[in-house]
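**Student:** Chain residues, written in single-letter form:
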Amino acid sequence: MIYREAGDFKTTYQADNQTFPLRLDRMGYYAILAVAFLVIPFVISDYWATSVMVPFLIYAIAALGLNILVGYAGQVSLGTGGFMAVGAYATYKLTTMFPDVSILIHVIVSGLVTALVGMLFGLPSLRIKGFYLAVATLAAQFFLIWLFNKVPWFYNYSASGQITMPERTVLGQIVTGPATPAWAKYLVCLTFAVALAWLARNLTRGTIGRKWMAIRDMDIAAEIIGVNPLTAKLTAFGVSSFLIGIAGALFFSIYLGAAEASEAFGINKSFLVLFMVIIGGLGSIFGSFAGAAFMVLLPVFLKNVLSGSLGWPTDLAAHIELMIVGALIVFFLIVEPHGLARLWRLTKEKLRLWPFPH
Amino acid sequence: MNEHSMTADLEPYTTADGRRIGGVMMDLRNITLRFGGVTAIKDISFDIREGEIRAIIGPNGAGKSSMLNVISGFYVPQEGEVWFRGKRRPALRPYQVARQGIARTFQNIALFDGMTVLDNIMTGRLTMMKSGLVAQALWWGSAEREEILHRERVERIIDFLEIQNLRKTPVGRLPYGLKKRVELARALAAEPSLLLLDEPMAGMNVEEKEDMSRFILDVNDEFGTTIALIEHDMGVVMDLSDRVVVMDYGRKIGDGTPSEVRNNQAVIDAYLGVAHD
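These protein sequence lines are chains Y and Z, in that order.
Going by my numbering, the first residue of the first sequence is number 1, and it counts up by one from there.
Going by my numbering, the first residue of the second sequence is number 1, and it counts up by one from there.
Among the hints, erroneous ones may be present.
[What the hints assert, rightly or not] Under the rule of at most 30 Å between Cα atoms (straight-line distance), these lysine-lysine pairs were calculated in the DSSO-like manner:
hint : chain 1 : residue 1 : chain 2 : residue 2
1    : Z       : Lys179    : Y       : Lys10
2    : Y       : Lys10     : Z       : Lys130
3    : Y       : Lys350    : Z       : Lys168
I should point out that these hints are in silico values taken from the structure, not numbers from a laboratory.
Starting from the given sequences, assemble the full structure and let the hints guide the process.
**Tutor:** Okay, here's the thing in structure tokens:
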């Protein structure tokens, strides 16, 4: 009754092409944005920023990037961790080489560097598909981590082999380093997440998005109607790696502050982001956010319930938590193989009719 | 017999129903295509003239689809030449052939199942959409203008094929007959000068076949599109086409107007079988 599309007519193709064609959806979206930008920064605590919001937003960017590659263009990748590392190390090298340039510009340039690296490792996709491509990108993962560990130039010859983010400011406000306030970390990540989601949405609804989806759904037919598979696949790898690189840059500079390649960006990270994409929903922008929220919030929630409310010993709780998360992922995929995005869409379709059965 | 003698004089003429048939658009010369030891097409030559409906018929496995795949650039023949608009065509990738104005549909529907009907048809216009990556990412100026412009053209095709109510439906949910129609719409969206249809009426009932025949005739008539089609329904082929090529075991056994082909002894033998003595 409340959520409906009756009477919501479109008179121009422009209006029909909107991201949120329904007025109610549009209002909801603006409301969420307003709360995120105008309310949360004033109330956010250190705990909420570091263990919930900041990782959620950063993983959402990474999931968005991987979703473009896997969900929209249909090219499987297990190299996410490696590409995040490229973004992180690029930021580190850039900011230590050019300390006067804004960190925001460094993060974006790091994304571009990662895009180039991603396109390079995407070249095999022109010949191989599916599992074989996954193995090729897995090689990228191991190679990149190895490279960042073995070549001292990347970590500026530091004794520990770690990279550590120096203090940087944006408009006079400290945004990196240990002295950063919670709200600043949150706002930087939120701005990137919103801007990049908007970018991804624009790309996927237009010509390039259609090329990607055409390649995904049937590459032979795509080529017959005039899609050049080379450019379509490489732009997918490029855009995807751009987003993942920015996620890696933020993960290092804002979230961790100090990182070591194999620990922070190992194969686990690749799988974690892939889980997010699959649980959230392949080929959906909303799904990337939902999947990231699920995978970030669930462990935090379980930890609070098990060791907080129930008072279990922390080590026991930590192990049980892993088992529950694993079981929930399996359960979830059996119940809704198309992810949270599909669940959300079904809910909305039902809401349109509610409370009437037909 | 000299193959080219069967192609009547090349002067443009007007058909009985008032359509203008022009000069040769696509000329296939001595095409031979092999897959390993199997020869799918043996030394076949024929041409397709501007504005005509050209049918390719033959029993199963005769090499008809392979022939269409040669025209659309999917297979590169080992021998022979493909001439298009008076120029010899080098070995091109399929997407390059598409950009020359050749579109096709497939025997087994090859739509993009995850996309809506509208998006599927919009893909037909990809070769004409030029806005760059950055413009699209920011949805600025040219990207949005282009999207709206091409949407208008696509809407015309949607009207033409009477699928207005299906715009936003994912293609995977459509029944077979409508999928065939959407596939035709996607091919038409490219505004091709040569349209290749691989069994456009396979698996359809009489009513759907009549609809599809009407659409094919209308496309040819209204847009002046040259059409080459493969079809098994002889009634449809004889009614629709201006000229027919008959293939059997990778060879050409007949070429001419429907009535010529119908009375050709080799064609009758191929279709009805002939006693070996």
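**Student:** Give a verdict on every hint.
**Tutor:** Each hint, compared with the structure:
1. About 26 Å separates the Cα atoms of Z:Lys179 and Y:Lys10, which keeps this hinted pair within 30 Å; it holds.
2. Among the hinted pairs, Y:Lys10 with Z:Lys130 is consistent with the structure: their alpha-carbon atoms are about 27 Å apart, no more than 30 Å.
3. A hinted pair counts as satisfied when its Cα atoms are at most 30 Å apart, and Y:Lys350 with Z:Lys168 qualifies at roughly 18 Å.
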